[in-house]
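Participant: Chain by chain, the residues:
Protein chains: 2
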Amino acid sequence: MAKKFVSTITSQTENFAQWYTDVCIKAELMSYSDVKGFIIYRPYGYAIWENIQQYLNTQFKQTGHDNVYLPLLIPESLFQKEKDHVEGFAPETAMVTTTGKEDLNERLIIRPTSEVLFCTHFKSVVQSHRDLPKKYNQWCSVVRWEKTTRPFLRGKEFLWQEGHTIHASEQEAKEETMNMLSIYETLGKDMLAIPFITGQKTEKEKFAGAEATYSIEALMPDGQALQSGTTHYFGQGFAKAFDISYRDQDNQEQFVYQTSWGVSTRLLGAIIMVHGDDDGLVMPPYVAPTQIVIVPISSDDDVMKEATTIFESLKDHYRVMMDTSDKSPGWKFSEYEMKGVPVRIEIGRRDLEHKQVTLATRYNRQKQQVPLSEVIGIMPELLSTIHQKMYEKAQTYVESHTFHVNDYELFKEKIALGGYVSMSVHEDAEAIIKADTQATARVIPFDQSKLENTCPVTGKKASQIILFARAY
Amino acid sequence: MAKKFVSTITSQTENFAQWYTDVCIKAELMSYSDVKGFIIYRPYGYAIWENIQQYLNTQFKQTGHDNVYLPLLIPESLFQKEKDHVEGFAPETAMVTTTGKEDLNERLIIRPTSEVLFCTHFKSVVQSHRDLPKKYNQWCSVVRWEKTTRPFLRGKEFLWQEGHTIHASEQEAKEETMNMLSIYETLGKDMLAIPFITGQKTEKEKFAGAEATYSIEALMPDGQALQSGTTHYFGQGFAKAFDISYRDQDNQEQFVYQTSWGVSTRLLGAIIMVHGDDDGLVMPPYVAPTQIVIVPISSDDDVMKEATTIFESLKDHYRVMMDTSDKSPGWKFSEYEMKGVPVRIEIGRRDLEHKQVTLATRYNRQKQQVPLSEVIGIMPELLSTIHQKMYEKAQTYVESHTFHVNDYELFKEKIALGGYVSMSVHEDAEAIIKADTQATARVIPFDQSKLENTCPVTGKKASQIILFARAY
Numbered sequence: 001m002a003k004k005f006v007s008t009i010t011s012q013t014e015n016f017a018q019w020y021t022d023v024c025i026k027a028e029l030m031s032y033s034d035v036k037g038f039i040i041y042r043p044y045g046y047a048i049w050e051n052i053q054q055y056l057n058t059q060f061k062q063t064g065h066d067n068v069y070l071p072l073l074i075p076e077s078l079f080q081k082e083k084d085h086v087e088g089f090a091p092e093t094a095m096v097t098t099t100g101k102e103d104l105n106e107r108l109i110i111r112p113t114s115e116v117l118f119c120t121h122f123k124s125v126v127q128s129h130r131d132l133p134k135k136y137n138q139w140c141s142v143v144r145w146e147k148t149t150r151p152f153l154r155g156k157e158f159l160w161q162e163g164h165t166i167h168a169s170e171q172e173a174k175e176e177t178m179n180m181l182s183i184y185e186t187l188g189k190d191m192l193a194i195p196f197i198t199g200q201k202t203e204k205e206k207f208a209g210a211e212a213t214y215s216i217e218a219l220m221p222d223g224q225a226l227q228s229g230t231t232h233y234f235g236q237g238f239a240k241a242f243d244i245s246y247r248d249q250d251n252q253e254q255f256v257y258q259t260s261w262g263v264s265t266r267l268l269g270a271i272i273m274v275h276g277d278d279d280g281l282v283m284p285p286y287v288a289p290t291q292i293v294i295v296p297i298s299s300d301d302d303v304m305k306e307a308t309t310i311f312e313s314l315k316d317h318y319r320v321m322m323d324t325s326d327k328s329p330g331w332k333f334s335e336y337e338m339k340g341v342p343v344r345i346e347i348g349r350r351d352l353e354h355k356q357v358t359l360a361t362r363y364n365r366q367k368q369q370v371p372l373s374e375v376i377g378i379m380p381e382l383l384s385t386i387h388q389k390m391y392e393k394a395q396t397y398v399e400s401h402t403f404h405v406n407d408y409e410l411f412k413e414k415i416a417l418g419g420y421v422s423m424s425v426h427e428d429a430e431a432i433i434k435a436d437t438q439a440t441a442r443v444i445p446f447d448q449s450k451l452e453n454t455c456p457v458t459g460k461k462a463s464q465i466i467l468f469a470r471a472y
Numbered sequence: 001m002a003k004k005f006v007s008t009i010t011s012q013t014e015n016f017a018q019w020y021t022d023v024c025i026k027a028e029l030m031s032y033s034d035v036k037g038f039i040i041y042r043p044y045g046y047a048i049w050e051n052i053q054q055y056l057n058t059q060f061k062q063t064g065h066d067n068v069y070l071p072l073l074i075p076e077s078l079f080q081k082e083k084d085h086v087e088g089f090a091p092e093t094a095m096v097t098t099t100g101k102e103d104l105n106e107r108l109i110i111r112p113t114s115e116v117l118f119c120t121h122f123k124s125v126v127q128s129h130r131d132l133p134k135k136y137n138q139w140c141s142v143v144r145w146e147k148t149t150r151p152f153l154r155g156k157e158f159l160w161q162e163g164h165t166i167h168a169s170e171q172e173a174k175e176e177t178m179n180m181l182s183i184y185e186t187l188g189k190d191m192l193a194i195p196f197i198t199g200q201k202t203e204k205e206k207f208a209g210a211e212a213t214y215s216i217e218a219l220m221p222d223g224q225a226l227q228s229g230t231t232h233y234f235g236q237g238f239a240k241a242f243d244i245s246y247r248d249q250d251n252q253e254q255f256v257y258q259t260s261w262g263v264s265t266r267l268l269g270a271i272i273m274v275h276g277d278d279d280g281l282v283m284p285p286y287v288a289p290t291q292i293v294i295v296p297i298s299s300d301d302d303v304m305k306e307a308t309t310i311f312e313s314l315k316d317h318y319r320v321m322m323d324t325s326d327k328s329p330g331w332k333f334s335e336y337e338m339k340g341v342p343v344r345i346e347i348g349r350r351d352l353e354h355k356q357v358t359l360a361t362r363y364n365r366q367k368q369q370v371p372l373s374e375v376i377g378i379m380p381e382l383l384s385t386i387h388q389k390m391y392e393k394a395q396t397y398v399e400s401h402t403f404h405v406n407d408y409e410l411f412k413e414k415i416a417l418g419g420y421v422s423m424s425v426h427e428d429a430e431a432i433i434k435a436d437t438q439a440t441a442r443v444i445p446f447d448q449s450k451l452e453n454t455c456p457v458t459g460k461k462a463s464q465i466i467l468f469a470r471a472y
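Protein chains in written order, with the working numbering: chain A, 1 to 472; chain B, 1 to 472.
Here chain A stands alone, though its shape is the one from the complex (with noise of 0.2 Å):
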């Protein structure tokens, strides 16, 4: 029974996008409605999100933003005001054109960012540098029309949070948008256990009305970089389409300088893929929905009572849950190991009788005997070890699958491989290497003191290193 349970997901080697895809329906994180590219968020998989916002709410409200919610529909009118931005989104919005009863006057576009909704609110809440700065997020569905779509990596409705912030000065909001970047980072740090590799976006790459976007990217095993969140500094360019501006100490009118930043649930794609394995999730402890789950393999009364004992031990300090259900032992050590609970407690008649219990981690796939005695004591260890063990893995990942070269031959050698590449390269090299080598440009590295002359690319001057990477 236990092995049908597991038998039933693709293996990563045979067709990773297909593991993926087992994963996701069979760890019970989502499932798909009737609308292509609209998924269910279920519990195992919400409460993921839920951890993550809990997260990040007290990192934004120690840096001292505060949370608001704005409308989900934006008038044609506002949103065509400023003209890059427009373009950039422009063919992926769903409209409301109808109600049940009539038909409205003017579309009314579903958010796929709210830009021109904070604009027009700051407008009409800032008159004087003594309402400097307003420190906002938000979070909400948002909705782009995409054309594929895949669960977490790219829907056509997708959750998020969106920081948007307004500043007197250009080097305010220039820290605001490097700040929330570090937050980001320590987010993969310590929550996510995933090594993000931080850095700009091109030109090309970066978003629609930003004067800079900054990006935390993440390394697939199939060697494919995936986006995972990004934070724009926009300088004064949505101030002067929207009017944005107050009046300074010396009583003259000035714009605000500008920022917003957001991360998604495409967290949860970047999780499943950097930590999984053949059977299934493998969850970093500190964002786990369950971080231990206590299986008593006898439901003798002893052992129904020593687990007893352990879960309400736990239950005030961990998210502990105990399988007392009448499945076989063998069908929920699977199950829990498809779900990735870092932790699994066995506890038998044998074990009773040793005073000691079974403990099993999930990311190494290891057993040991552990004394009734240390089961509650050794576990914020365990979990520091397992989250340390499972960024470090990742972190070699990255690692061993990242290079730097100055040669074009070498460069399309090893962007086949899979992993990033950096190079020193002219501007013109990005569009050559896309068309080469589907790879893009994910970031400008901010260590930029390998910058060699020449681009190998064009011959021409080369203006600096770029990391590139195949992505989702």
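A few of these clues could be false.
One copy or any two copies: either way a pair holds, since identical chains are not told apart in the list.
Once the Cα atoms are required to be at most 30 Å apart in a straight line, the calculated DSSO-like pairs of lysine-lysine come out as [claimed, not checked]:
| hint | residue 1 | residue 2 |
| --- | --- | --- |
| 1 | Lys412 | Lys147 |
| 2 | Lys315 | Lys61 |
| 3 | Lys101 | Lys36 |
| 4 | Lys101 | Lys83 |
| 5 | Lys123 | Lys147 |
| 6 | Lys327 | Lys174 |
| 7 | Lys189 | Lys61 |
| 8 | Lys26 | Lys61 |
| 9 | Lys315 | Lys189 |
| 10 | Lys81 | Lys147 |
| 11 | Lys450 | Lys434 |
| 12 | Lys26 | Lys240 |
| 13 | Lys389 | Lys367 |
| 14 | Lys450 | Lys189 |
| 15 | Lys36 | Lys135 |
| 16 | Lys206 | Lys101 |
| 17 | Lys61 | Lys327 |
| 18 | Lys434 | Lys83 |
| 19 | Lys135 | Lys327 |
| 20 | Lys26 | Lys135 |
| 21 | Lys135 | Lys315 |
| 22 | Lys135 | Lys305 |
| 23 | Lys36 | Lys240 |
| 24 | Lys101 | Lys204 |
| 25 | Lys123 | Lys36 |
Because the hints were derived from the structure by calculation, they are not lab data.
We have chain A; now place chain B onto it with these hints.
Facilitator: Same frame as chain A, now just chain B:
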């Protein structure tokens, strides 16, 4: 300056509806967007909703519910599967018909409520009695194309939670319906300081598709009732329309029994009206975004130092802020009165000399001197007393505006004065009463012990006591 700030609010007696709108705007709870009926939840307003969310999430999880997220859009054909339901909601639906690129094959409805989506999902995840119950909750926004809109009370878009559960037995589903009603009633009593009247809705007033609807009703100071939350028992109606069945322990196919229940940001409207006065909002302490504000009356070093010490001692236990801006103390007092902050701590040079602070409580506009050594220690009891007094005041208002009559002329007299009036009636009376008095059936009270034989409206046999009121 302080005077000017306050004088911009209409008084309740002059124009209650205008007073309400003024408070919504001036207390910075919301502002209007460019689309009529869609509002912006500003930080101070959204924080109230977040506190309600946190309270309810704890209650929901303690009673075994899981959060999920289902799609924003519903295919029109799916929506039409349950006859009563579609008739109730169809006129109010907003429909997506086109994207930036092409028209859709089928119109998609923005969810006005998610019963049909949950039904489809339940059908796909439930096979056996082991899969039951499923107890889900969703936090989201919904869209209903209402004609007349008012901030928080009735909007084209509003925020809410919608619980959806399925059960193997009728009894369990009925218990769920009543348990959730009880959680809502307790939310009123423990968080919002609002005494809700509970009971069952009449056939005419029940939810489209429900077998029975229960409601929490609050009484506003203008004598009108506000339906503030509902729970629905669906029986097997949706289950049969959507074929949600499971195999029971005897391997027989059975339909599930179903419930749904929700409260919305309408609760903010209830808080504003039940507690507010001519100086603005009066926030009940346990749901208040800011529970305590500290206003140093002087910028002297020792005053600031003492104020900071008090702030530091309070900040880990309460939602507290200190206002050190360069606005005048009088301006600040008005501002925090407008925002209804329950407790204000003033500290000036004179206070410091007497080793005391001045403590102002918003709900009764009283000031008292409190020794510095006691100001931290008294807080738990102070907040509890404020909450209790606010609840009692609201309760007294309800009691003094609730009448039980057995005479239709007396009924009309009492209804004209505002408040609840209950009477033993035949089912035909409801429509007559509405036509005569604009009063609607709020609930059928659980206590029917005073049921009379004859309905004074129709002269027919009275079947039940109904509580009537004019309502929002």
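Participant: If you test the structure against every hint from before, which numbers come out violated?
Facilitator: Of the numbered hints, all hold.
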